[in-house]
Amino acid sequence: GAGVSQSPSNKVTEKGKDVELRCDPISGHTALYWYRQSLGQGLEFLIYFQGNSAPDKSGLPSDRFSAERTGGSVSTLTIQRTQQEDSAVYLCASSLVFGRAWGANVLTFGAGSRLTVL
Amino acid sequence: GQQVMQIPQYQHVQEGEDFTTYCNSSTTLSNIQWYKQRPGGHPVFLIQLVKSGEVKKQKRLTFQFGEAKKNSSLHITATQTTDVGTYFCAGRGSNYQLIWGAGTKLIIKP
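Chains as they are written, first to last, in the numbering used here: chain R, 158 to 275; chain S, -3 to 106.
Keep in mind the hints are simulated off the structure, nothing from the lab.
Source: prediction; values computed, not measured.
Heads up, some of the hints might be wrong.
[Claimed, not checked] Listed below are the simulated DMTMM-like cross-link pairs for lysine to aspartate or glutamate, each with C-alpha atoms no more than 25 Å apart in a straight line:
#1 S:66 / R:201
#2 S:32 / R:171
#3 S:101 / R:242
Working from the sequences, and respecting the hints, build out all of it.
This is the structure in structure tokens:
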């Protein structure tokens, strides 16, 4: 697509429920990133994919968080047994490639999925 | 681990005054990117600096990358209301991961 598309844009859930957040990157972008941004805070790196593989999962806050990417395109971030501290905006970004190639590693962000856990 | 410190956290200016934000890395960066996030929006790429001592301008915005490739700055001349938002630097470290600064929020005084 023309931009990075994320859904849902807003999600309100009850504590203990599972949620799935979806990201559809720019067509042809091989690298995909998930970040979390709490209100008024900076960007917290969660995970990135190069193709379908995730070389770096170090940012996932706990084992309740998982992500997958299939077909080198759409990615899903799943949060199991949500907690109130999971409330944040989850931002997805994509880039042409991962690495230091000039211009190819510029991130394009989606509008985010705002998660509220009651 | 590698860190990028960004200061100040907030800067309040009168419209027409200048604004500057600074980023300092604990290690040498291969390049540094700058992004702007408008209130309620998502980060949008502004520019990438690659060379030691590089200076780039975009209208009223001036970006610098230090000689040692460990620091960078963004300077806005004569701020306008459209400049309001949070400015993030993101340095590319040795493992090609982006290391994000905490952001500087530009606030225009009423």
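Evaluated hints:
1. Between residue 66 of chain S and residue 201 of chain R, the direct Cα distance comes to roughly 21 Å. Compliance with the 25 Å bound is thereby established for this hinted pair.
2. Taking the CA atoms of residue 32 of chain S and residue 171 of chain R, the gap is near 33 Å; set against the 25 Å cutoff, the hint is violated.
3. At roughly 24 Å between alpha-carbon atoms, residue 101 of chain S and residue 242 of chain R fall within 25 Å of each other, so this suggested pair holds.
Hint 2 alone, counting from the list given before, is not met by this structure.
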